[in-house]
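Asks: One-letter residues, chain by chain:
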Amino acid sequence: MSAGSTRTGLSLLSPAFLVMAATLLAPVVALVVMSFWSQSGFDIDRSFTLKNYARLVEPGEGVVWYGIRFPFAYPVPAVLMIKSLAMSFVATICVIGLAWPMAYFLAFRVIRNKAMWIILLTIPFWTSYLLRVFSWKIVLGFNGAINSGLMWLGMIKEPLEFLLYNPVAVMITLAHSWIAFAVLPIYVSLEKIDRSLLEAASDLGDSRWTRFRRVTLPLSMPGTIAATLLVFIPTVGDYVTPTLVGGPGGMMIGSLVQQLFLRQDNAPLGAAVSIVMMLIIAALVGLFLWLIGYARMRKRIG
Amino acid sequence: MQRVKFIDRMAQGKLTRREMLQSAGAFGVGLAALPRKAKAAGGPLTCLEWGGYDEEGYIGSYVAKHGALPDFSIFSGEEEALAKVRAGFAADVMHPCNYSVSRFVNAGLAKEIDTARLSNWADVFPSLQTAEGVVLDGKVVMAPADWGNSSIAYRSDLIDPAFAADPSWSIFYDEAYSGKVSMLDNELVIQIGAMVGGMPYGEAYNLSGDALAAAAKDWGTKGVNVSRFLWTDASEVQQAMASGEIVAAYAWNDLVKNLKAEGIPVEYAVPKEGMFTWFCGLTLLNSGKADEALAYDFIDAWLSPETGKYLIEASGYGHANRKSFEIADPAEVAAMGISDPDALMASAVLFLTPTDEVQVEQNRVWGDIKALKM
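Note that the protein sequences, when read in sequence, are chains Y and P.
To convert, note that position 249 of the first sequence is 249 in the working numbering; the numbers rise steadily by one, no gaps.
To convert, note that position 224 of the second sequence is 1224 in the working numbering; the numbers rise steadily by one, no gaps.
Treat the hints as calculated values from the structure; they're not laboratory data.
Take the hints with a grain of salt, since some may be wrong.
[Unchecked claim] The calculated lysine-lysine pairs, modelled on DSSO-like cross-linking and capped at a C-alpha distance of 27 Å, are:
#: 1; chain 1: Y; residue 1: Lys137; chain 2: P; residue 2: Lys1222
#: 2; chain 1: P; residue 1: Lys1222; chain 2: P; residue 2: Lys1272
#: 3; chain 1: P; residue 1: Lys1272; chain 2: Y; residue 2: Lys51
#: 4; chain 1: P; residue 1: Lys1111; chain 2: P; residue 2: Lys1084
Next comes chain Y alone, as it looks inside the complex:
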């Protein structure tokens, strides 16, 4: 790259970088700093300490949670971390499973009015996130859409109570809220696929299935992976959804951070929990990309 284009590139990047620095970097630095302080009564003791981090791993009596032992003196963050990861994982699988066929249909089957289809897809985004979460509360509620529908059909006599206020309700809501975020990147990478490659595969004797498996699927991977990360990373720390539809049983790690900051009045510990959460997610994402050989794939696809 020539010096000129590097400069152009940097100057193009800088507005975004400045915004990121102000709205992301600075708060993260603040969190890191705060996580090395400690709370004592109403005051924050601003001398450096590793106490908050030590608290998260301090061994102790612990609890058994769904058959898994958490041998910590303060097992709550560990339990909620594992639970949040598991819940987000399931939600992400559901999202990708539902979004992929949609994106495929959009890329290969829709010929006319593509723009209209894409606009249709984004319609859920015209309402606020909060409203969409809340509407799930109405759908899944005691006398909500599902229960009253089933009762009207005579399939159940009493409303089903297991629909709301549990981890399943949280996963359903998360999956729905994030699905449109997943369709678009997958659609873009499917759309980009050179159709002549598919023709070539057919000409050379591939069946429809082999062609899909060997050409379409691998070429859609960048978008699929982007979608996976786009859904997985934010949902792990989500706090609005568990609060509204989860009940105590559906609590996630984000709820704990909120509680530590705003109810238990222990902001430094809350900061430490969020930093650790961030590191764990980063490590998992790194591991995921390494496992699927992302670098290799990028080189191949270019």
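Here the structure of chain Y is known, so what remains is to put chain P in place on it, guided by the hints.
Replies: This is chain P only, laid out in the frame that chain Y set:
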């Protein structure tokens, strides 16, 4: 310090802790920690209020004088409101209760109220004017406004008649009612559980250490598991009760009154372990940005007999102003049963204030118990 130099020195590890803190503070890290500067008056009035109290009926004279409602921020528990103010939320007035006001005072957030600036102060029940919580260390820190009960509201048509015959808080810890009841999202779940286990409230409110951990494990866990959801929003629990999703809930007087008005068969129990009572009021906070006169107008509006009349008729709560009971609908006053706060406090268990250390510990233990629900 110049930016580049600052980054260089930070990279070389040459920054003193003080400089680091200063710059961190500039980015807002120190918000919760740094001493507050005196703020210039002049902003809009911001009130931390319980859900449902954020309407004109409760502050008619304020709205008449200033033409608009103040800015409200709704909280569901005092500890949440306290944390919010401590994290930098600039509120002028807060609505704590007899058992929670000392938290704001101890945190250094409350200002003494000059009762001479409240035109309705003279009509406040004398016993409330000097009650513990209204006055702390000889200073008036809360202008008493509303008083009432906390007890169990139940659907008389849906509940087991055995409960109606002998109501007990044990319903919130009874597997048989799993998914059918709703407790308040509050550490009271542990305290009331201990009371069901035979401990008097005088000990239960102050549980700490191993005793608290044991009570949390026994009663807290049960309470969390049995409740369909732990409510934070009075309208949420009201709807759930109206639909029959839950048959009993921890509730204040207004829930019973509202549901009865809708024609739903609901009763307010007097549990054998005791019914609770409380009085709440308005506290001036020093975090506010508005002119103090606005805050005094707001508080004075709350103390007015017209507000009292509305409170009695619309919510079924008692009011701190004696005159309210003279102008309110006599039928409504009669329906309340008790129209004197002294008699009410004597008839039930008044909520007490634990020390700050115990309160913080209970907040933490309660948070942990909830988080570990499977």
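Asks: Hinted pair, alpha-carbon criterion (27 Å max): Lys1111/P, Lys1084/P. Please report holds or violated.
Replies: At roughly 17 Å apart (the allowed maximum being 27 Å), Lys1084/P and Lys1111/P satisfy the hint.
Asks: Is the straight-line distance between the alpha-carbon of Lys1222/P and that of Lys1272/P 27 Å or less?
Replies: It holds: about 20 Å lies between the C-alpha atoms, which stays within 27 Å.
Asks: If you draw a straight line from the CA of Lys137/Y to the CA of Lys1222/P, is it 27 Å or shorter?
Replies: Roughly 25 Å between the alpha carbons, so the hint for Lys137/Y and Lys1222/P holds.
Asks: Hey, Lys1272/P versus Lys51/Y, does the alpha-carbon distance stay inside 27 Å?
Replies: Roughly 45 Å separates the two Cα atoms, so the pair is violated.
Figure legend: structure checked against the earlier numbered hints; the only hint not met is number 3.
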